[in-house]
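Following this note's numbering, the numbering of the sequence shown begins with 4 at its first residue and continues without gaps.
It is worth saying that the hints were derived from the structure and are not from the lab. Hints are not guaranteed to be accurate.
Listed next, the in silico DSSO-like pairs over lysine-lysine satisfying Cα-Cα at most 30 Å (straight line) [stated by the list, open to error]:
id	residue 1	residue 2
1	Lys46	Lys90
2	Lys79	Lys68
3	Lys46	Lys68
4	Lys90	Lys68
What follows is a list of derived Cβ distance ranges for each label pair [stated by the list, open to error]:
id	residue 1	residue 2	range
5	Lys90	Arg30	29 to 39 Å
6	Ser107	Gly18	29 to 39 Å
7	Ile77	Ser10	14 to 24 Å
8	Ala58	Thr116	33 to 43 Å
9	Gly34	Ser118	20 to 30 Å
10	Asp76	Arg102	26 to 36 Å
11	Ala78	Pro44	10 to 20 Å
12	Gly104	Ser20	31 to 41 Å
13	Gly35	Val8	16 to 26 Å
14	Gly45	Ser66	31 to 41 Å
Note that beta-carbon positions come from the ideal geometry of N, C-alpha and C, so glycine has one too.
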Amino acid sequence: QVQLVESGGGLVQPGGSLRLSCAVSGRNFTGGAMAWYRQAPGKQRELVAHLTIGAGTTHVVDSLKGRFAISRDIAKNTMYLQMNSLKSEDTAVYLCFVRSGYDSYWGQGTQVTVSS
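Can you build the whole structure from these sequences, using the hints too?
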């Protein structure tokens, strides 16, 4: 059974940093893509960043480039999202996602709250 478990969220002051983790268990993916999404209250879920599993290429959406970075530790089967210079508008539930072939999986999400 594939499980995605996010961690690392919490309350942080504006300008602070957090690193989110997404631990994948139950399957070692060799192809497809992994991604971080976020969903703020009353808003649609939006893509934050993604990476290709095979080639390891990464992409952060334009509005977050320079502040957010996505990475993966293959040995730990874990994906990360480094978030710097956080703003109040970054407050959301952050979810990880994996797609491989016809299969796709979501984590439960981790809450990130940016507030003074």
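Does the alpha-carbon distance linking Lys46 and Lys90 stay inside the 30 Å limit?
-> 17 Å, holds
Gly35 and Val8, beta-carbon distance inside 16 to 26 Å?
-> 18 Å, holds
Quick one: are Ala58 and Thr116 within 33 to 43 Å, going by C-beta?
-> Holds, at about 34 Å.
Keeping to a limit of 30 Å between CA atoms, is the pair of Lys46 and Lys68 held or broken?
-> 21 Å, holds
Mind checking the hinted window 10 to 20 Å against the Cβ distance between Ala78 and Pro44?
-> Violated, since Ala78 and Pro44 (Cβ atoms, about 36 Å apart) do not stay within the stated range.
Is 20 to 30 Å a correct range for the gap between the Cβ atoms of Gly34 and Ser118?
-> 39 Å, violated
Between Lys90 and Arg30, does the C-beta distance stay in 29 to 39 Å?
-> 35 Å, holds
Range hint 29 to 39 Å: satisfied by the CB atoms of Ser107 and Gly18?
-> Once the Cβ atoms are compared, 35 Å apart, the range 29 to 39 Å for Gly18 and Ser107 holds.
Quick one: are Gly45 and Ser66 within 31 to 41 Å, going by C-beta?
-> With a Cβ separation near 19 Å, Gly45 and Ser66 fall outside 31 to 41 Å, so the hint is violated.
Straight-line Cα separation of Lys90 and Lys68 no greater than 30 Å?
-> Given that 30 Å is the threshold and the Cα spacing comes to 14 Å, the pair holds.
Quick one: are Gly104 and Ser20 within 31 to 41 Å, going by C-beta?
-> Holds, since Gly104 and Ser20 (Cβ atoms, about 35 Å apart) stay within the stated range.
Is 26 to 36 Å right for how far apart the beta carbons of Asp76 and Arg102 are?
-> Roughly 19 Å apart at Cβ, these two residues miss the hinted range, so it is violated.
The structure shown violates the earlier hints numbered 9, 10, 11 and 14.
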